[in-house]
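*Asks:* Sequence:
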Amino acid sequence: MKTRQIAFVALIAIFLVLTPYSAVAARTCQPGETWQEDCNSCHCTSTGLSVCTRRACLSNPRPVTT
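Numbering-wise, the sequence shown is residues -25 to -1, 1 to 41 according to mature numbering (1 follows the signal peptide of the UniProt record, and there is no 0).
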C-alpha cells in the first residue's frame, strides 16, 4: 500500500513539473508582451518566458433557463 501511495505522489509531482513547460514551449514572446488565450491573460516576463493564468474557461456557456 505504501508503495502505491509513493508512486501516486511521484506521478502527480511529475505532472505538476512538466505541465507549465509544455504550454511555454509552444509560444515565443518578447519581454513585456501581453495577450489573451480564451479567458486567461498572459504576459511575457523579462527573460522571455510566457506566463498565463490557468482559469477554466467556458467557451460557449449555456444560458440559464427557469
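Don't read these hints as lab results, they were simulated from the structure. A hint or two may mislead.
Across the chosen pairs, the derived CB separations fall in these ranges [to be verified]:
no., residue 1, residue 2, range
1, Q(-21), H18, 36 to 44 Å
2, R(-22), E8, 14 to 22 Å
3, G7, M(-25), 35 to 43 Å
4, Q(-21), T22, 19 to 27 Å
5, T40, A(-19), 24 to 32 Å
6, R30, G7, 21 to 29 Å
7, R(-22), T40, 43 to 51 Å
8, I(-20), T20, 31 to 39 Å
9, F(-18), Q11, 21 to 29 Å
10, T40, T(-23), 48 to 56 Å
11, R30, F(-18), 34 to 42 Å
12, E8, A31, 22 to 30 Å
Note that beta-carbon positions come from the ideal geometry of N, C-alpha and C, so glycine has one too.
*Asks:* Give a verdict on every hint.
*Replies:* These are the hints, each one checked on the structure:
1. Q(-21) - H18: 36 to 44 Å: holds (38 Å)
2. R(-22) - E8: 14 to 22 Å: violated (44 Å)
3. G7 - M(-25): 35 to 43 Å: violated (51 Å)
4. Q(-21) - T22: 19 to 27 Å: For T22 against Q(-21), whose Cβ atoms are near 37 Å apart, the range 19 to 27 Å is violated.
5. T40 - A(-19): 24 to 32 Å: Violated, since T40 and A(-19) (Cβ atoms, about 45 Å apart) do not stay within the stated range.
6. R30 - G7: 21 to 29 Å: holds (22 Å)
7. R(-22) - T40: 43 to 51 Å: Between R(-22) and T40, where Cβ atoms are some 45 Å apart, the hint holds.
8. I(-20) - T20: 31 to 39 Å: Cβ of I(-20) to Cβ of T20: about 34 Å, so the range 31 to 39 Å holds.
9. F(-18) - Q11: 21 to 29 Å: 35 Å Cβ-Cβ, so the 21 to 29 Å window is violated.
10. T40 - T(-23): 48 to 56 Å: About 50 Å separates the Cβ atoms of T40 and T(-23), which means 48 to 56 Å holds.
11. R30 - F(-18): 34 to 42 Å: violated (26 Å)
12. E8 - A31: 22 to 30 Å: Since E8 and A31 have Cβ atoms about 24 Å apart, the given range 22 to 30 Å holds.
When each numbered hint is compared with the structure, violations occur for hints 2, 3, 4, 5, 9 and 11.
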